[in-house]
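Novice: Single-letter residue listing:
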Amino acid sequence: MLGLTAWLGSCQPLPEETAQISGKLYSIKEAFEIVATENDVARTLYTKAIVGAGKKNGLKFHEDWEKDEVEAGPLPALFLRGIAGDIRKKGEVPLGLFLGSDFPIRKSNKFTGKQAELFAEMRVDAEPKFFYDEENKLYTAMFPDFAVAAPCVNCHNDHPETTKTDWKLGDIQGATTWTYPGDSVSFEELQGIIMAYRNGAKATFQSYLDKVPSFTENEIPEIGSTWPAAGYQLPTPEVFVDSVGELASAETLKGILKL
Amino acid sequence: MINISRRRKRQWIGFAAGLFVTAIAYVVLSSPSNEEFLSKGPMNKGHEGFSCESCHTDSKGNVFQQIQANVMFVFGARKTEADFGTENVDNNKCLDCHDRANDRHPLHRFTEPRFVEARKNIGVTYCESCHLEHNGLRITQVETGYCENCHGDTDLKNDPLEVSHKDLIAQEMWTSCLQCHDFHGNHIYHAAESMMDTIPLKIVREYFDGGASPYSDKKKYYALTEEELNKK
Numbered sequence: 001m002l003g004l005t006a007w008l009g010s011c012q013p014l015p016e017e018t019a020q021i022s023g024k025l026y027s028i029k030e031a032f033e034i035v036a037t038e039n040d041v042a043r044t045l046y047t048k049a050i051v052g053a054g055k056k057n058g059l060k061f062h063e064d065w066e067k068d069e070v071e072a073g074p075l076p077a078l079f080l081r082g083i084a085g086d087i088r089k090k091g092e093v094p095l096g097l098f099l100g101s102d103f104p105i106r107k108s109n110k111f112t113g114k115q116a117e118l119f120a121e122m123r124v125d126a127e128p129k130f131f132y133d134e135e136n137k138l139y140t141a142m143f144p145d146f147a148v149a150a151p152c153v154n155c156h157n158d159h160p161e162t163t164k165t166d167w168k169l170g171d172i173q174g175a176t177t178w179t180y181p182g183d184s185v186s187f188e189e190l191q192g193i194i195m196a197y198r199n200g201a202k203a204t205f206q207s208y209l210d211k212v213p214s215f216t217e218n219e220i221p222e223i224g225s226t227w228p229a230a231g232y233q234l235p236t237p238e239v240f241v242d243s244v245g246e247l248a249s250a251e252t253l254k255g256i257l258k259l
Numbered sequence: 001m002i003n004i005s006r007r008r009k010r011q012w013i014g015f016a017a018g019l020f021v022t023a024i025a026y027v028v029l030s031s032p033s034n035e036e037f038l039s040k041g042p043m044n045k046g047h048e049g050f051s052c053e054s055c056h057t058d059s060k061g062n063v064f065q066q067i068q069a070n071v072m073f074v075f076g077a078r079k080t081e082a083d084f085g086t087e088n089v090d091n092n093k094c095l096d097c098h099d100r101a102n103d104r105h106p107l108h109r110f111t112e113p114r115f116v117e118a119r120k121n122i123g124v125t126y127c128e129s130c131h132l133e134h135n136g137l138r139i140t141q142v143e144t145g146y147c148e149n150c151h152g153d154t155d156l157k158n159d160p161l162e163v164s165h166k167d168l169i170a171q172e173m174w175t176s177c178l179q180c181h182d183f184h185g186n187h188i189y190h191a192a193e194s195m196m197d198t199i200p201l202k203i204v205r206e207y208f209d210g211g212a213s214p215y216s217d218k219k220k221y222y223a224l225t226e227e228e229l230n231k232k
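First to last, the protein sequences are chains A and B.
Residue numbers for the first sequence follow the numbering used here, beginning at 1 and rising by one.
Residue numbers for the second sequence follow the numbering used here, beginning at 1 and rising by one.
Please note: incorrect hints may appear among the correct ones.
What the hints assert, rightly or not - With a Cα cut of at most 30 Å, we get these calculated DSS-like pairs of lysine-lysine: (1) A:K48 <-> B:K157; (2) B:K93 <-> B:K120; (3) A:K110 <-> B:K166; (4) A:K56 <-> A:K258; (5) B:K166 <-> A:K89; (6) A:K60 <-> B:K231; (7) B:K232 <-> B:K219; (8) A:K89 <-> B:K202; (9) A:K89 <-> B:K157; (10) B:K60 <-> A:K24; (11) B:K202 <-> B:K218.
Hints are computed from structural coordinates only; laboratory data are not their basis.
Computed from a prediction, not measured in an experiment: that's the story for all the values here.
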């Protein structure tokens, strides 16, 4: 027995897949609030400066944007879905991001169960909701999605499959749901969460730009440092994400410093 | 000369014979040409001819480290178990070759709390819930009406189908979904607009069992080959 113990103890221990990080500085609620703010900024920027301004200058956006025959970019909700997919596919952080509503365009995106209950409360108080998902063993947060720009209202009111046609600016159109397996995170983990979100935004924007050169019926927009407000053009993913960082920096720093 | 009892002699002979058989079995079964003897069953459609190592990659560390790590785990000195021998074949292994941007039903979406019933009913967060390997089939999920787990409220205002989706659902014709729609949405085709033009369920089932795709022979994305995976 002594020999076995000595034998097993003599080799270099196998490192764990999940890094051993000490010093959990932030509750998961604080981390969710920080990344949800980043998400609000990115979505608002995309909706106003890319979709809203782009439509005025001839760019097209469509729910079937990924189909080969559709020469368009992703609508805001699909842009977020792209970010959510990128976060999960890369798997660098165990963060989940989902979209839903009580009046979704697609019925399969309608909240049910606990999420439906909490979303009904959110409709009344417009406050984020936090709960522990026992079945999945995940800490979960829901943040309201406000109609922040005219395209949010117009596209949802005019969509052929809409279940509600009287959306107006400032309405809660749905909620983003965030999940994470731990009740708290270290600074490094928080940094990982923020960067996973920003990298997801960059990758999803890049996938839109990757499609642009295949346009045949529409002119190919110029890609560079300028925005659609200035013409039929798009910024690079770096320019887009840098702007997200700049716009979100004050709130993100407040969250990190717990001010 | 050591005097050994007959009983002890038999024990040594038995031990030596066991060791010999084990050594022979190890050498023979380790040979790549004998992989089929170790396999749990025939590879699924599209995976025929794959080597074991395509999926069953070596786990991290050497065998001593793996034993040590698991002993530490048992005594609470480590948070996670270590894979022993080969790594667990999980979703990530499948997605190494099959991940694609246009997946209509990506696994991660179903980890959202509201899909609790779908998870319980069809285990929709795992590839192997529908594609259990070593069965010589394409899809091992035997139910073809699983869409009912999430799409019960479907009601299209501009329904392209002659019989509305809402009516089909009211009649609980859940097996009809796959007669027009491929689950992962990777085939390039136009879905039928008439029930007369839908794919017979028998053909769908044959596709499940490994037959040709009834949706289209064109796909937007193709899975990586074993060579492409190795280069990745």
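Novice: Tell me the numbers of any earlier hints that the structure contravenes, in ascending order.
Specialist: 4, 5, 6, 8, 9
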